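**Q** Listed below are the residues making up each chain.
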Amino acid sequence: MKISRCRNCDAKFLVGRVFCPSCKSDAIEMIDLLEGKVIEIVSLVATPEPFPDNYSIAMIDANGIVLFARTDESLKKGDSVGITEDEFGPICNKI
Amino acid sequence: MSVIADASFTRFGKREEGLLDLACESASPIVNKFADDIDFIVVSNSYSGEYNDISGINNLISTKLSLDTVPSIRVDNTSGSGGSALMVADSLIRSGSASNVLVIGAEKMTGYPTKRSTRIIASLLQPEERNAGLSLPSLGAFMARSYLSEFHAPREAIAKIAVKNHHNGSLNPFAQFQSEVSLEDVMNSRVIADPLRIYEYCPISDGAVSLLMVPEESLHSFSGKGASIIGTGYSSATSSLSFRKSLTTLDCVRKASETALKRGGIGISDVSVAELHDMTSVLEIIESEDAGFFRKGEGWRAAMNGDTQIGGQIPINTSGGLNSKGHPIGASGIAQAAEIYQQLTGTAGKRQVEDAHYGFSLSMAGFGNSATAIVYEGVA
Ligand SMILES: [Zn+2]
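Protein sequence lines correspond, in order, to chains D and Z. Residues 24 to 118 (our numbering) are what the first sequence spells out, left to right. Residues 6 to 385 (our numbering) are what the second sequence spells out, left to right.
Please keep in mind that the hints were generated in silico from the structure rather than gathered at the bench. In this text, all values refer to a predicted model and were calculated from it rather than measured experimentally. Treat the hints with caution; some may be incorrect.
[Stated by the list, open to error] Within a straight-line C-alpha distance of at most 25 Å, the following computed SDA-like cross-link-like pairs (lysine to any residue) qualify: (1) D:100 / Z:195; (2) D:100 / Z:245; (3) D:99 / Z:260; (4) D:60 / D:77; (5) Z:250 / D:41; (6) D:99 / Z:233; (7) D:47 / D:60; (8) D:60 / Z:131; (9) Z:250 / D:53; (10) D:25 / Z:159; (11) D:25 / Z:71; (12) Z:260 / Z:233; (13) D:100 / D:88; (14) Z:250 / D:110; (15) D:25 / Z:250; (16) D:60 / D:110.
[Stated by the list, open to error] In silico contact screen, one side only, chain D against chain Z (beta carbon under 7 Å); selected entries: (17) 37; (18) 65; (19) 90.
Heads up, the beta-carbon is just placed ideally off N, CA and C, and yes, glycines get one too.
Pulled out of the complex, with its shape left as it was, chain Z reads as follows:
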């Protein structure tokens, strides 16, 4: 089994530094301590070509860290790059191909007009659907409309996700947004794709996160405590939106979650803390159902009741989520794992969930094109 033995963040947001500098800023504290032990580097990044005019980023980073000869690869799976990179790192360790893997998630996306960014992200859609003028935010709006009418949910239930996640972000020193918003603020904010509003979407972000992953048996020679990856599940769904049977369920999330829990040998009710892929508010509700935390059509009630806030039945997105922490695409899935690491090692500060023992993360690519679910156990 592989264990996350260390984690290190940059602040997310609009950053002056370039992509390589951000990646190195997040990795440096780990490299400082463990340079001689690292024998593989996995870089999670999706858009260095489109945003930063950089290719082969993994080797550029390893040289800047003076780990020139350490083998490295870049994993690109759009928004789900982080989950895929963790799966690769875990596989390298479990197969014995590598021992101590430095995982770096990094993206730099600010600096272009929003219209250009929207185009870059929409390039993951099939051309026959993209050419209708679809954007990822507009798909969230279709999903919200379908969910509200299918389950007779009040509009406020979706907005409550943004209120909760901004509150959690206000407790996270690495979050892009560190101020709370009220339900009124959310409901009165600017419409982006009707009915969803700007506070309900993740911002465009720069940022990086690094993790050290090691075999469980050698954890004692590193930090001594960590988050053990006890189960991973990966699933793909059709990338053609018109080919999907429902807009209110994400098949890949359902299947990946089921597999990860089965491999981890735990039930969803054993999970103490979860990070989901809330690119927009409604996605968190739908994923919370598809992962199995709530029955289909009931996730909105949990959001209304506060069941998913810190101190609730199952705290979701204690980090602030993509919604408030920010969504530097390649970094997001790694940041989820880093949040779970902090929660399970009791180092999550003001966001700490009491007695957190099992964690869950869900990293999603495209708009439900694929998902990686990971189940973690705190070990010491």
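For reference, chain D alone in the conformation it holds in the complex:
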């Protein structure tokens, strides 16, 4: 999946912004983020439209960037995961 990176100060962040939250530069580029480690995992029973009825969401630490991704695997804290995207958004699998 893609995240934002500031070309001026190298700050990386998930939610797209017009200005860098650290140095206020507007030189923001998109970079690939491919893997991380599971910090916390929550399985959902009541899910929002248009998502499937059952899945878990992993909170992932990817070199200091925190992000969220769906998974159908039973992951544990500390598992290393690869992050890709499907038709809804980010999804992760154990690697």
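Take the given structure of chain D and dock chain Z with the ligand to it, following the hints.
**A** Just chain Z with the ligand now, kept in the frame of chain D:
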């Protein structure tokens, strides 16, 4: 200073009436008495477009109340709409722009499948986080997991909040749920987002509440007694969850509470009764710490010891909270103020906290995107 001089509720729950009728049902007793005095209407509502196919709701309501020419606005700040609306009404009065403000909080959310409702509420998340399939209930679960592991709290401490709030709701004639639940009931109820269970989440609700707010110096020409707003604090935090440093503290709650207490000139230990934003059980514990009632990591002990029940050291959510009273989103922050009004004027019935003099309410938007804290003093 502005004072809440009157309050009026509809029953919360699954209601047959439409949104406009609910809003008018709550406002009518106040308009009946004070129609000629009302010179501004503030409507707290967040989702009339999404749920009810209605926009410009403030003007639709004012006409139905035959207050057609009274100026009005709608305040939308998701779950924190009520706190924001109170801040607006208080500012209008303190600046002299208005004298007697009718504040109406109203929402109608039932009628859609839960999956649709969950989608509507999740629309307040940033797209990069929302598209991972997050819902507001799932964020409560992340928070509960973090809290339990960081502070070595027993799981039951969180469930105790639901037991207490259902008990309080059973004493509130306007609450959606008016029956008690035991700790076993909560712990055996259906999991919604692991580890949190259905009794630990607020339901989907319809309902409305209205308040009359007036300048303190003219309180004698209205009800003669009320809840004076002596301090307000407003604070925003990042809406990006991935950008937050901790899941077990809510910066906006901490800052808003600090400001409100400072402006009110009182300490948190002076507060006799508090309403917090318990969309899910664990939020009440975390907010009770961030507001300053307990040290960080100690709120769960207070919940276990019963310190926050009616008769305890600091009764929290005497109304039943969002958890049991229900959470018609735009109405919730106004209902908090209405509960404090009843407590400080000695009209809270079976829920009455003895000698309640100072009150505190915390209305929160998003999942900690912003918060309005208000400190009240009973006046007569
Ligand atoms: Zn930068």
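**Q** Taking the hints in turn, state whether each one holds.
**A** Right, here's what the structure says about each hint:
| no. | hint | result |
| --- | --- | --- |
| 1 | D:100 / Z:195 | 24 Å, holds |
| 2 | D:100 / Z:245 | 22 Å, holds |
| 3 | D:99 / Z:260 | 35 Å, violated |
| 4 | D:60 / D:77 | 22 Å, holds |
| 5 | Z:250 / D:41 | 21 Å, holds |
| 6 | D:99 / Z:233 | 51 Å, violated |
| 7 | D:47 / D:60 | 29 Å, violated |
| 8 | D:60 / Z:131 | 22 Å, holds |
| 9 | Z:250 / D:53 | 23 Å, holds |
| 10 | D:25 / Z:159 | 38 Å, violated |
| 11 | D:25 / Z:71 | 54 Å, violated |
| 12 | Z:260 / Z:233 | 21 Å, holds |
| 13 | D:100 / D:88 | 16 Å, holds |
| 14 | Z:250 / D:110 | 30 Å, violated |
| 15 | D:25 / Z:250 | 21 Å, holds |
| 16 | D:60 / D:110 | 23 Å, holds |
| 17 | 37 | 4 Å, holds |
| 18 | 65 | 4 Å, holds |
| 19 | 90 | 5 Å, holds |
When held up to the earlier numbered hints, the structure conflicts with 3, 6, 7, 10, 11 and 14 and fits the remainder.
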